[in-house]
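Here's the letter readout for the chains.
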Amino acid sequence: MESGTFIVKKGLAQMLKGGVIMDVVNAEQAKIAEDAGACAVMALERVPADIRAAGGVARMADPVKILEIMAAVTIPVMAKCRIGHFVEAQILEALGVDYIDESEVLTPADESNHIWKHDFKVPFVCGCRDLGEALRRIGEGAAMIRTKGEAGTGNIVEAVRHMRTVQGEIRKLQGLQDDELMAEAKALGAPFELVREIHDTGVLPVVNFAAGGIATPADAALMMQLGADGVFVGSGIYKSSDPEARAVAIVKATTHFRDPGILAEVSRGLGEPMAGIDVRAIPEIELLSKRGW
Amino acid sequence: MGLRPFASSPNDESPSETGQAKIGVLALQGDFKEHIEMINRLGAEAIPVRLPVDLEGIAGVIIPGGESTTISSLLSQFGILGPLREMITSGLPAMGTCAGMIVLARSAVGLDHDSLKVMDIEVRRNAFGRQVDSFDTELDVPALGDGVPLHAVFIRAPFIEAAGPGVEVLATLPDGRVVAARERNMLVLAFHPELTNDSRFHKLFLGMVDKYRSGEK
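The listed protein sequences correspond, in order, to chains L and D. Counting from 2, one number per residue, gives the positions in the first sequence under this note's numbering. Counting from 290, one number per residue, gives the positions in the second sequence under this note's numbering.
Because the hints were derived from the structure by calculation, they are not lab data. Remember, it's a predicted structure, so these values are computed and weren't measured experimentally. Just to be clear, a hint being listed does not mean it is correct.
[Claimed, not checked] Here are the simulated DSS-like pairs of lysine-lysine, each with C-alpha atoms no more than 25 Å apart in a straight line:
hint : chain 1 : residue 1 : chain 2 : residue 2
1    : L       : Lys32     : L       : Lys187
2    : D       : Lys492    : L       : Lys32
3    : D       : Lys322    : L       : Lys11
4    : L       : Lys173    : D       : Lys322
5    : D       : Lys322    : D       : Lys311
Could you build the full structure based on these sequences and the hints that come with them?
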């Protein structure tokens, strides 16, 4: 009997597929998320929109908060650590969280190195904007990937850009000849063995969710139709006028993402969505998706 | 070189008797794609079930791994729960892995939602602890009949705490915990053969489907 093997780490992400992972900041929200049908929750101090508004350094949440959320629900609980902050990750593992998100939403602790995730028994999910970034994280041991989008904006445009980029680069890889793969690995900045594997299989070796900007059931279904295995939602729920109804609707839309009739039905009467931000109006230095490499 | 022989060897991956059997794989949430691929590899047709209409004409149903709270809540919300419960009670073969086992169980400790509750077992959710306690191991399964252990992947897995007299235990861990069982037309596993290349349990299930179909005719 062996725990923390890669098949077990990657396997939990496979169990989350077709589901919605919701940000929560306390036990009450966690319960609401579970009742709405979330397949997991992300325990946070603040949702990204509030992190963006608060400014300053954003760190791992208080363990008290994480434990409170773990006690409130039976579904898996994820928590975020700063990019490169392997001690925050050690603490989260000691707390017993089910997944660690090494996240650009928090202020990076290391601008050169991400965490060496193979050292942990707890699995990691990491963000990416393109295939090279996804494969670098998988090379470091990430057992799940999410496209970054631009968290806390309620604007889907970056999530779409990142998902299309990843999928397009996978299609391109599939069409290459063997003798072109090393040059492509160099261009992507990605481990050669993983590049070759994707050339052969046409899919990422781990589950890939969409994140950063999902605010409506239609947004969730859009990301699913673009090839996401599931979605992360946070600010998009809590910054809307009726978070509970919206959460349920996004869960239904993620399951029935190819059924416009059901999408039309679940999109009705949800009240005001999150106002949202035009990403082009955000100064470059404040873009979360540019954190990490 | 002549034509390839038409007859398949006993080890062939396609159980020919299954013919046109259509297996419904509940596709509300979880690792349904892995089950669909496994069934297709075995030469049977698998279709995703998301709405009651998808249940028409299926000869068996697989309830995948995933989150049992999410799956059971969507089962109710989209009106699948009642019809599927009736079909399984009337003999439709059903296989459940992990969350699927929880959803099929008569009673599940730690699950608030209504679920199928058709199999006479009591299960405990997340019975081994959290994700850091998830594990994989070589499991002896006498019912598979070939003496080859199965590489079993347990992810936040449940186990069976109590079972009715009609339930046959198929596998236990070395400490005695029951992790696979069968009752009439129902087969449940606490682990995930669909995450591996081992299709023996899916073959066993297709055998149950064959038996059901021949009884039906």
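Run through the hints listed earlier and report the numbers of any the structure violates, in increasing order. 1 and 2
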